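Engineer: If you want the building blocks of each chain, they are given just below.
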Amino acid sequence: EAGVTQSPTHLIKTRGQQATLRCSPISGHTSVYWYQQALGLGLQFLLWYDEGEERNRGNFPPRFSGRQFPNYSSELNVNALELEDSALYLCASSLEGYEQYFGPGTRLTVT
Amino acid sequence: QKEVEQNSGPLSVPEGAIASLNCTYSDRGSQSFFWYRQYSGKSPELIMFIYSNGDKEDGRFTAQLNKASQYVSLLIRDSQPSDSATYLCAARSYNTDKLIFGTGTRLQVFP
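Those protein sequence lines, which keep their order, are chains Y and F.
Residue numbering for the first sequence follows this note's numbering, starting at 1 and increasing by one per position.
Residue numbering for the second sequence follows this note's numbering, starting at 112 and increasing by one per position.
One thing to keep in mind: the hints can contain errors.
Stated by the list, open to error - Residues on chain Y that point at chain F, a partial pick, calculated with CB under 7 angstroms:
| id | residue |
| --- | --- |
| 1 | Leu43 |
| 2 | Trp48 |
| 3 | Gly52 |
| 4 | Asn56 |
Treat the hints as calculated values from the structure; they're not laboratory data.
In this text, all values refer to a predicted model and were calculated from it rather than measured experimentally.
Where a beta carbon is used, it is the ideal one built from N, C-alpha and C, also for glycine.
Okay, chain Y solo, but in the shape it has when bound:
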């Protein structure tokens, strides 16, 4: 069974630009979660999508947004990039709110 996939692996942007990160959940999983792992700050919850709806969001500004498509894949958009947005962005999926399994992540570098 294929795991959670994310693309791209690496993304380099300049300040003020927009970044789009993509995630495909494990087949059959309907929930997708986004986390940010910045150096020294640990894993921080960003967004949770289930059945196409945003269910919860973490303590991040509105320029972090996303959506979930009918096939349960998801997209995270970060607008007006700032230097401190540089981090590893992790997507996880779960079935009916049980254990979450992580993808390999997208490393975003903002210069």
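Dock chain F against the given chain Y, drawing on the hints supplied.
Structural biologist: Just chain F, lined up with the frame of chain Y:
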């Protein structure tokens, strides 16, 4: 006070010994707990989850939960150098699917 606390380590143990990793949480509404292993530069990998008070064993790993003391632990028996990684403890409340992570404990197993 952080919601999920872990000692950052490093915790150094000799090969073959038992490694004991500890975690405390502040939200009494937390219902389920997860241990993830994260190698440097990689995404978190789910090792164990525990929902009920007591012990849960899986191979060399044992998770322990004490809800009265708000304490979770992970024991790794017969530690191997390949177990050297950062171990993340996470808690989930009953009314939300988001995971709250500790900052992780770095484990070093030396030959």
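Engineer: Hint by hint, note whether the structure agrees.
Structural biologist: Checked hints:
no., hint, verdict
1, Leu43, "holds, 4 angstroms"
2, Trp48, "holds, 6 angstroms"
3, Gly52, "violated, 15 angstroms"
4, Asn56, "holds, 6 angstroms"
Hint 3 from the earlier list is the only one contradicted by this structure; the remaining hints agree with it.
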